[in-house]
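Two chains, each in its own frame: build the complex with the hints.
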Amino acid sequence: MLRIAARRLALAPLTLLLVSFVTFVLLRVTGDPVDIFLDINRTPEQVEALRQRLHLDQPLVVQYLIYVRDLLTGDFGQSLQYGGPAINAVIPTIVPTLQLVGLALLLAVVLGVAAGFVAAVYKDKVPDVVLSSLAVVGQSMPSFWLGILLIQFFSLRLQWLPTSGRGGWENLVLPSLTLAAFLLPNFMLVTRTAILDLMSEQFVQTARAKGLSFTRILLTHIFPNMVNPLLSFLGIQIGTLVGGSIITESIFGWPGIGRLMIGAVANRDVPVVLVTVFIVSVTIIIANLLVDILQSIVDPRVRQ
Amino acid sequence: MSKRTLLLLASVVSFCAVSFANAQTLTVGAAVFPRSLQTGQSSFAALSLVSQTNEALVGRDDAGTLRPGLAERWEQVDDTTTRFYLRQGVKWHDGEDFNADDVVFTIDRIVDPKNAYGLLARIGQVAGATKVDDYTVDIKTKSIFPTLVRGLSDIVMEPAHYYEAKGADEVVKHPIGTGPFVYGNYVPGDRYELTANPDYWGGAPAIEKLVIREIPEAATRVASLIAGETQIIEEVPVDLISEIEASGRAEINEITTSAGLILTFDVRKAPFDNPLVREAFDYAIDKPAIFEAMLQSKGELLDGQLLTKSTLGYNPNLSARPYDPEKAKALLAEAGFDFSTPVPISTQSGKYTSDVDIVNAVTGMLGDIGVRATVNVVEGGVWSQMTAAKDYGPIYMIGWYSLGDADFASVWFTEIGKRSVWINSDYDRLFTEARSTNDEAERVAKYHEMMEIMHRENPAMFLFGLPSIYATGKKIEGFTAASDKLLRLATTKIVQD
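Those protein sequence lines, which keep their order, are chains A and B.
Our numbering numbers the first residue of the first sequence as 1 and each following residue consecutively.
Our numbering numbers the first residue of the second sequence as 1001 and each following residue consecutively.
The set of hints was computed from the structure by calculation and includes no laboratory data.
Heads up, a few of these hints could be off.
What the hints assert, rightly or not - In silico contact screen, one side only, chain B against chain A (beta carbon under 8 Å); selected entries:
1) Glu1214
2) Ser1224
3) Ala1227
What the hints assert, rightly or not - Computed footprint of chain B on chain A, listed as stretches where at least three residues anywhere in the stretch have a Cβ under 8 Å from a Cβ of chain B:
4) 154-160
5) 163-172
6) 241-253
7) 266-280
Claimed, not checked - What follows is a list of derived Cβ distance ranges for each label pair:
8) A:Val22 with B:Val1444: 53 to 59 Å
9) A:Met141 with B:Ser1043: 31 to 37 Å
10) B:Arg1419 with A:Asp75: 32 to 38 Å
11) A:Glu170 with B:Lys1209: 16 to 22 Å
12) A:Glu48 with B:Thr1065: 39 to 45 Å
13) A:Val47 with B:Pro1068: 36 to 42 Å
14) B:Met1386 with A:Gly84: 25 to 31 Å
15) A:Gly83 with B:Lys1209: 24 to 30 Å
16) A:Gly83 with B:Asp1134: 29 to 35 Å
17) A:Gly84 with B:Glu1096: 23 to 29 Å
18) A:Val282 with B:Thr1130: 53 to 59 Å
Note that the structure is a prediction, hence the values are computed from the model and not measured.
Beta carbons are placed, not taken as given, at the ideal position from N, Cα and C, and that holds for glycine.
The shape of chain B in the complex, shown without the other chains (with noise of 0.2 Å):
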C-alpha cells in the first residue's frame, strides 16, 4: 500500500469516527449559563439547565400550552383543593420510583420559607399537599387560585429519597430527576454534559449525548454554529439573522414569546400626569416601522395591550393606536407640552432583544416631533436600585411576561404588584376579581376589561411581543423554538447524509 493511499484511508476512517461522534452528541450553545443546577432560581437560563433532567407535575410544550407531565391528569375538588392523579412507572435516574412521597415533599420544600425558593411566587398562594394514595396527591391553595396549574408547570419535582440519603447541597451538585437527560457534568461558565435516559418515559431521547456550552458572545455563538461546533444557538441577535441564512448551514427558528415590550411612563410627575400628553406620545411612534427595522418583523406588534396574542385573556377588539405625528402635535399642543422638557428613556442593554436599538427608534420619532428624547442606558445594579425605589425618570422600557396567563403580566399595574405608579381602582378591582375565581370565562372577560383600561388610560406605550429567537444547523430535526425559552431536545435528531 502507497504512502498516499494509506493516508486517504487514514483520513476516511477518521473522517467517518468524527461524523459517528456528531451523531451521538448534540452540542447546543446557549447565551447564559446560571451559576449552580440549584432549583427554583428565578431565571430563564436556571429553569431551561435544570428541566433537562427535572420534570413538572404539568409539562408544558414550545407554544406554552400545558398538557401532562408527571401528573397525567389533574382534576378540581373544591374551590381551593386540586386533585393531581400521578403517571405511573416512573422512575427516578437512580432507579427509584417516582410517586406521591416526592411531590408532598417537593411542595413542602418549596412553601417552606428557609429554603428561599425564588419561584415560589409561581405558586404563592399554595398551602400545602397531602398524599391521598402512592400515586394521587391533593394541593391545597390559602385561596382560590385559578393559576395553580399554570404556576406548577414551572416547579420541578425533587426525589424525597435522595435529599434524604445526600443533603441539600449534594444534591445541587449532582441533581437527579426523571427527565430525558441524566446529569453528567456542570461547570460554571462553561458547559453542561448529560447523557440521554434510555429508560425515559416519554420514550429515550434520540441523540446519545447532551452538551449545553455557555457562549456569551452573540456573534461566537452564531460562528460556533456555522462552524458546526453547536448545532444549536439561543439567543440569536437580530443583526446577525441574515449571516445565518446566507451561511447556507443553518436557518433560524422562532417563536414569540409571552413578553410584552412597553415604555412606561412615570405617571405621578408632570408632564406625564396629564393623558393628553401620554396619548400624543403614543402616536408619535411608528411601531410597524420599528418593528420591521429593529426587531426584523420577528414577535409581534402589540394590539394597544400589555398582553400578547396568545395569552389567555388577550383583548382582540383593542388595537394600537397608529402613528400619526400631526396628531401628536396637535395633541401636545392642545396639552400645552414644553417642548424643552428633557425627556430620558432608561432602558437596560442586552436584556431585550434589540432593547438599546428600540429606544434609539423611539428617541429619533419624538425628536421628530420636536421632543428632546435622550437614551438612558442603565446598567443592571443600578436598574435594580430604581426599581427598588419605583423611580427609573420619566420613560422606562421594560418587557413583562404573562408565562401564557394574564395574571401574571397584569398584577405589575396593580398596587399589590409594587411596581407601578399608575395605579387604577377599577382595574385593581377587576384584578382581583378574576384572581377569586376558578371560571375562565369570567376572568377573561375582566382581563378583556382591564386591558381596555390600560389601552385607555396609556400608563404606557405598548410596543412588541418580544421573539425568541433560535438558529438550528441544517441537520437538526424535531426542534422548535420555545416561546417560554426552555430548551426541549427529547424528540431532537441529528439526520445523517
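Looking at chain A on its own, in the form it has when it is part of the complex (with noise of 0.2 Å):
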C-alpha cells in the first residue's frame, strides 16, 4: 500500500508539469497580456518593460521553462490584474471553495447511496421508478438552470434561505445543493447496479440459501463489497465536481476559487490560473491518492 502512495507521489509532479505547461501553452497562444494590460496609447518603452518582466521576448519553451525554475524557489510569479504575488490573490479563495465542494459532496454521497439502496431494494416498483426518473431528470438539468430555480423558490417564493454571497451556513445551502444534484443521480445509479450486480453474485445466494435476514444480507454481505465501486467512482467524480463549482459559483456570487480562474482566464492573467490550476490538480491527486488507499484497507485483493 504504502509502495503505491509513494509511486503515486512521484508522479504527481510530472502530472503538474504536465498540466501546467499545457495552461500555459494555451494562454499564451490565445492572448497577449501586453494587449490586455496596455492601452492603444501605450508608449514603446512601456510595451518592452512589460515584455522583459514577463519573458514575452523568449521563445514559449523559455518562458515556460523560466516559470518552472521560479517555481522551483516557490514563486509562481505576479498577478497582473492584482500588483502582487499571484498566490496572495489565490489564497482567500480556497476555504470557501473547499467549504463548497465538500459539503456538496457530503450530500450526493450521503444522499446518492441512500437513494440508490431504496432503488436497489425496491427496483421495479413505485420507489425505484420514482427515483430513477428523477435520476434522469437531475442529470440532465444544467445546473445553471437549477441554481437560478432555487433561488427562485427558497429564496424569493418561500424567503427561506439568501439568493446569494458568502456568510453563515445559510448561504451555503443552496449552492452545495445546486453542485450536488449535479452529481447526485451519478451516485444514487452506481449504488443501485453495484447492489443489483450483488445480488446476484453466489456468495449472496448462498446467503439467502442459508436463510439470512436481508437486512443483514444487505449490511455484511452487499454494502461491504459495494464500497470499492463507489470509491473508484468517487475518486473519478471529483475533477467534474471542481469544474461544477466554477458555474455553481458564479450563480450564486461565492468568492471561491472558480471565479478567480475565470477571471484571471479572461484576463490572460497566467501566473494566478497557473497557481489556481496547481491548487486543484493538486487536490484532485491528494484525493485519488486518498480513494486508493482507502481501497485498498477495504478490499484485500487491491493490495496484491
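Quick look at the structure:
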C-alpha cells in the first residue's frame, strides 16, 4: 500500500508539470497580456518593460522553463491584475471553495447512496421508478438553470434562504445543493447497479439459501462489497465537481477559486491561472490517492 | 405569560431589530468588481468603488454635468495654465486637512510613468501642478488642452501625508479619502464594506453603513433585489426588466450613457472599401425595431453619428438613415455586391447591454436582403489580440464612450487614435483644430463638421446610445441612475414604513 502511495506521489510532479505546460501554452497562444494590460496609447517603452518583465521576448518554451525555475524557488509569479504575488490572490478563495465542494460531495454521496439503496431494494417498484426518473431529470438538468430555479423558489417565494454571497451556513445551502445535484444522480445509479449486481453473486445467493435475513445480507454481504466501486467512482467525480463549482460560484456570487480562475483566464493573468490550476490539480491528485488508499484498506485484492 | 405570547413578542422584537438594522445599512449589488482598490484603473467598476472614498477636484453629477468638487472654482490663467481654488475645511478620513500639497502630490504621481496610472490618458497633456498657496493650485498643460477640466473629473485626489507614512502598497489595502464613505473592508469577489463619513463636507450621508456586493450573475442580482437583500442593483439586463416591474417590490431607474454603440466596417478590404456597399448596409438595418425589441427602448437611437444627444459636439442637423431594404438592395446591385460573400460580424458577449442579441437581429435583417451575415462571438482575450492587430473581420460591434465631450469618442477615428482603419484627412485636421482651442463654440462647430463627414462616409453604422439600467427597492429615495456608471450614494436614503 505504501508503495502504491509512494509511486503515485512520485508521478504527481510529472502530472503537475504536464498540466501547467498545457495551460501555459494555451493561455499564451490565445492572448497577449501586453494587449490586455496596456491600452492603445501605450508607449514602446511600456511595451518593452512589460515584455521583459513577463519574458515575452523569449521563445515560448524558454518562458515556460523560466516559470518552472521560479516555481522551484516557491515563486508563483506576480499577478498582472492584482499587482502582487499571484499566490496572495488565490489563498483567500481556497476555503470558500473547499466548503462548497466538501458539503456538496457529502450531500451527493449520502443522499445518492441512500437513494440507490432504496431503488435497488424496491427494484421496478414505485420507489425505484420515481427515484430513477428523478435521477434522469437531475442528470439532464443544467446546474445553471437549477441554481436560478432554487433561488426563485427558496429565496423569493419562501424567503427561507439568501440568494447569494458568503456568510452563515444558510448561504451555503443553495450553492451546495446545486453542485450536489450535478453528482447525486450518478451516485444513486452507481449504488443501485452495484447492489443489483451483487445480489446475483453466488455468495449472496448462498447467504440467502442459508436463511439469513435480507437486512443482514445487505449489511454484511452487500454493503462492504459495494464500497469499492463507489470509491473508484468518487475518485473520477472529484474533477467534475471542481468543474461544476466554477458555474455554481458564478451563479451564487460565491467568492471561490473557480470564479477567480475564470476572471484570470479572461485577463490572461497567467500566473494566477497557473496557481489555481496547480491547487486544483494537487487537490485532485491527493483525493485520488486517498481513494486508492481507502480502497486497499477496504479490499484486500487491491493490495496485491 | 403564555408560550405563544412570548414567541410573538420575540418575533416582534427580532423583526424590529431587523428593520432597524436595514434602516442603517444600504446594500448594493454590483455586476463586477475590480481586483483591488488601486486608483487609476481604467474601468467604471474600479472608479465606482474608489469614488466612494476619494473625490476629484472637479465633480460630476449623474447626468454627466460638471460641478465643483474638491475645487470650488477654476479659471484659465493663460492658454496652458488653469488655476484651481480648493475647498477649505475639507478633512481626510484620518482628520488631516486637505490642501494644495495633496493636489500637487496626486498630479505628480499620476504624471510619473513609473506609476502606470491607467487613467493618465484622461489628462494626458498635463505637465505638472504647482502650489500657489495652501488652497490654490496651478495645473499646467504641455499644449492647449480643452478637455482638462472634464478629464480631471475622473482623477481622484489622494493624501500626500498618508502615502509618505504608509507607502503605496499599504494605501491600496486601506485607502483614505475625503469622500462621503470611509473604507471598512474589501474582499475581492465578495464585498466592499464602508461606513458613512459624519464629517463629509457635502453633508453626512443619510445611511450609516454601505455594503457593495459583487453578484456577477444578473438573474441572481435581480433575485437579491426582489428578496430585499440588496436595495440597489447595477446592470439590469433588458430581459429581466419585466420581472422586476412585476414583483411590485422594486423599480427600474435608467439613463442614457455617453456610449455610442456602432458597427464598424473594415474599409480597407472589399467589399466594404466601396462606400455604396456601406450605405446599403445602413439602409438594411431597422434600428428603431431593434431598439424596441432588444433594448426595450432604453437608451437612445443615435442620430446618424457617433455622439449621443447630451455630448458636447453632437450635431442636431443629422439623422439616421431610415430603414429601406429596397433601396439597400438597389444600392448593392449598383455596387455589384457579390451576395455569396460571407459577412461575419464580430462582437463580445456581455460587454454591452444585449450585445449578442443586437448582432443577431442585425444579421437577420441583412439576411432579408440576401447578405450572408453571421454572428461571430469573440472571447475577451482574443478580442484584445484583434484590437492590437486592428483586424476584427469585415464588421465588428463596439461602444465608444464620449464621457460628455466629443473629443474622447471622435479620437478613435483619427490617425493618432491608432484604432481606426478609416482615415480621413479632413476629419483628422478638424479633430486637431478642435483640440487646439479653448473656445467651446469653435470646438462644437468643428465636431459638427466631423460628424457630418462620418455620416457621409459611413465608416460605421451608428446604432444606439447605450443605457445604464439600475433597479432600486421601493423604499429607496434620493438615488438616480448614473450615465457614467459611478454610484453616488451620499444623499440616498432608505425610508421607513
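Taking the hints in turn, this is what the structure says about them:
For Glu1214 of chain B, the shortest C-beta to C-beta distance to chain A is roughly 6 Å, which falls under 8 Å, so the interface hint holds. Taking 8 Å as the C-beta contact cut-off toward chain A, the hint placing Ser1224 of chain B at the interface holds, the least distance being around 4 Å. Interface restraint check for Ala1227 of chain B: the shortest CB-CB distance to chain A comes to about 5 Å, inside 8 Å, so the restraint holds. Counting residues of the stretch 154-160 of chain A whose beta-carbon sits less than 8 Å from any beta-carbon of chain B gives 3, enough to reach three: the coverage restraint holds.
Given as covered by chain B, the stretch 163-172 of chain A passes the check, having 4 residues with a CB less than 8 Å from a CB of that chain where 3 are the minimum. Under the rule that three or more residues need a Cβ within less than 8 Å of chain B, the assignment of the stretch 241-253 of chain A holds, with 4 such residues. For the stretch 266-280 of chain A, the proposed coverage by chain B is satisfied: 3 residues have a C-beta within less than 8 Å of a C-beta in that chain, meeting the threshold of three. One distance hint, 53 to 59 Å for the beta-carbon pair Val22 of chain A and Val1444 of chain B, holds here, with the actual separation near 55 Å.
Between Met141 of chain A and Ser1043 of chain B the beta carbon distance is about 35 Å. The supplied range of 31 to 37 Å therefore holds. At about 37 Å, the beta-carbon gap between Arg1419 of chain B and Asp75 of chain A stays in the expected band of 32 to 38 Å. Separation of Glu170 of chain A from Lys1209 of chain B is about 21 Å and conforms to the stated range, judged on CB atoms against 16 to 22 Å. The given range of 39 to 45 Å is respected by Glu48 of chain A and Thr1065 of chain B, whose C-beta atoms sit roughly 41 Å from each other.
A beta carbon spacing of about 39 Å between Val47 of chain A and Pro1068 of chain B agrees with the range 36 to 42 Å that was offered as a hint. Between Met1386 of chain B and Gly84 of chain A the beta carbons are some 30 Å apart, a value that agrees with the proposed interval 25 to 31 Å. Taking 24 to 30 Å as the suggested C-beta distance range, the pair Gly83 of chain A and Lys1209 of chain B conforms, at roughly 28 Å. Between Gly83 of chain A and Asp1134 of chain B the Cβ separation comes to about 33 Å, which falls inside the hinted range of 29 to 35 Å.
Against the hinted window of 23 to 29 Å, the Cβ-Cβ separation of Gly84 of chain A and Glu1096 of chain B comes to about 27 Å, which satisfies the hint. For Val282 of chain A and Thr1130 of chain B, the Cβ-Cβ distance of about 56 Å falls inside the hinted range of 53 to 59 Å, so the restraint holds.
Hint compliance for this structure: every hint is met.
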